[in-house]
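Chain order of the listed sequences is A and B.
Numbering of the first sequence is given in the working numbering, commencing with residue 12 and proceeding in unit increments.
Numbering of the second sequence is given in the working numbering, commencing with residue 1062 and proceeding in unit increments.
It is worth saying that the hints were derived from the structure and are not from the lab.
Any given hint could turn out to be false.
With a straight-line Cα cutoff of 30 Å, these simulated DSSO-like cross-link-like pairs (lysine-lysine) come out [to be verified]:
| # | chain 1 | residue 1 | chain 2 | residue 2 |
| --- | --- | --- | --- | --- |
| 1 | B | Lys1306 | A | Lys73 |
| 2 | B | Lys1256 | A | Lys63 |
| 3 | A | Lys90 | B | Lys1256 |
| 4 | B | Lys1207 | A | Lys32 |
| 5 | B | Lys1306 | A | Lys90 |
If we take Cβ atoms under 8 Å as the criterion, some of the chain A residues that face chain B in the derived model are [to be verified]:
| # | residue |
| --- | --- |
| 6 | Ala18 |
| 7 | Ala37 |
| 8 | Arg93 |
Heads up, the beta-carbon is just placed ideally off N, CA and C, and yes, glycines get one too.
Here is how the chains run, residue by residue.
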Amino acid sequence: MPAIQSAPQILDQVFLDMRAKLLEVAASLDRLDRATSADTVAQDPRRQRIQKTLEILTTQQKNRAEQLQLLFSDTYDEKWARPGAR
Amino acid sequence: MYYIDPHIHMVSRVTDDYERMARMGCVAMSEPAFWAGYDRGSVDGFRDYFRQLTEFEPKRAASVGIQHYTWLCINAKEAENISLSREVIAMVPEFLDKPNVLGIGEIGLNKNTKNEAQIFWEHMELALKTDELILIHTPHLADKYKGTRMIVDMLRDDPRIKPERVLIDHVEEHTVRVAKEHGFWCAMTLYPVTKCTPSRAVDIIEMVGNDKIMVNSAGDWGPSNPTAVPDFIQEMRKRGYTEAKIRKIVYDNPLEFFRQSKRFKFREPA
Ligand SMILES: [Zn+2]
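Extracted from the complex, chain A is given alone in its bound form:
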């Protein structure tokens, strides 16, 4: 089901909201860096994942939201032990 609106129309609608959300991310990063023990947080896997998401956002791929979701997901092993009759 393709979008009805054109890209310029969508940009008009989302620009201020995107700007606000990006500013919120930038301010949160600044807040982390300003605080004490900022170097400890640098090693935190959550902080590293956030860094990785910023890289994903700069790509031209069309499934960036899906990639971010997968980045924040536990890994799945298809050979997991299935349940069965007791």
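Starting from the known structure of chain A, arrange chain B with the ligand on it as the hints suggest.
Just chain B with the ligand now, kept in the frame of chain A:
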């Protein structure tokens, strides 16, 4: 526009919420059995809860003109207690002839543990034995992708499962195709912070189409919004979709799925 909220926990909501939903066009809802916020102590605790779901809530809904349906099970959060889970599964059939019961749900996984998978599998057996529809909760946040894949594995391992009789709930960008590509129904939950927003839900529809998919509020005792489906309708209108396209997702699709239950006797609004 008339709409159906296919997943909402009304036992946790006040009558004003019923009233507000009715004013916004809600004509029917389905309420899966859920975690109370604390683990129930005995099978009788569940028996009382199922009475509330099958006797009292339909009356409360009817007082504002909403048709109330429900799903029964013990939820994944309580499935770590295997013996209690088995007592509940054995007791569920006592309620399967109540007129508003649509099937077994919301069963699923929460932390993707061995016990949760075992109890999911035993619920699946119950649904097959009693020929009931299945409504499935998928985990949230980091557990969602793995849990959804595990659930789909269990369903696909059993050739008796008919995908069109199963609804996989709380799908997001990374799990919607996992559910849809095997022919299951799926639903997106509009929930503050941890799940989907109305705009992302519409994005997902634009990417995977509007077939076999629906949206719900999953309103419960946590921070949630019982009128989230109207927010989704508004987002679709803002993007220029026709009323017929919107109606398919918020009305026609839930009806098509629910109509597979022999007890679903929906009365179309005049
Ligand atoms: Zn729920």
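(request) So, Ala37 (chain A) near chain B? Judge it on the closest CB pair being under 8 Å. (result) Hint on Ala37 (chain A): violated, closest Cβ of chain B at ~20 Å, above 8 Å.
(request) Quickly compare the C-alpha distance for Lys1256 (chain B) and Lys63 (chain A) to 30 Å and report which way the hint goes. (result) holds, 21 Å
(request) Take a quick look at whether Lys1306 (chain B) and Lys73 (chain A) sit within 30 Å of each other, Cα to Cα. (result) Distance ~24 Å between Lys1306 (chain B) and Lys73 (chain A) Cα, so the pair holds.
(request) Go through the hint on Arg93 (chain A) and say holds or violated, using the shortest Cβ distance to chain B against 8 Å. (result) Holds - the Cβ of Arg93 (chain A) comes within 8 Å of chain B, reaching about 6 Å at its closest.
(request) Would you check the hint for Lys90 (chain A) and Lys1256 (chain B), treating anything up to 30 Å between C-alpha atoms as holding? (result) Holds - the C-alpha atoms of Lys1256 (chain B) and Lys90 (chain A) are around 28 Å apart, at most 30 Å.
(request) Assess, step by step, whether the Cα of Lys1306 (chain B) is no farther than 30 Å from the Cα of Lys90 (chain A), and give holds or violated. (result) violated, 40 Å
(request) Verify the proposed pairing of Lys1207 (chain B) with Lys32 (chain A), using a straight-line Cα cut of 30 Å. (result) With a Cα-Cα distance of about 28 Å, the restraint between Lys1207 (chain B) and Lys32 (chain A) holds, given a limit of 30 Å.
(message) Under 8 Å is the threshold here; is the Cβ of Ala18 (chain A) close enough to any Cβ of chain B for the hint to stand?
(response) violated, 13 Å
Comparing the model with each earlier hint shows violations of hints 5, 6, 7; every other hint is respected.
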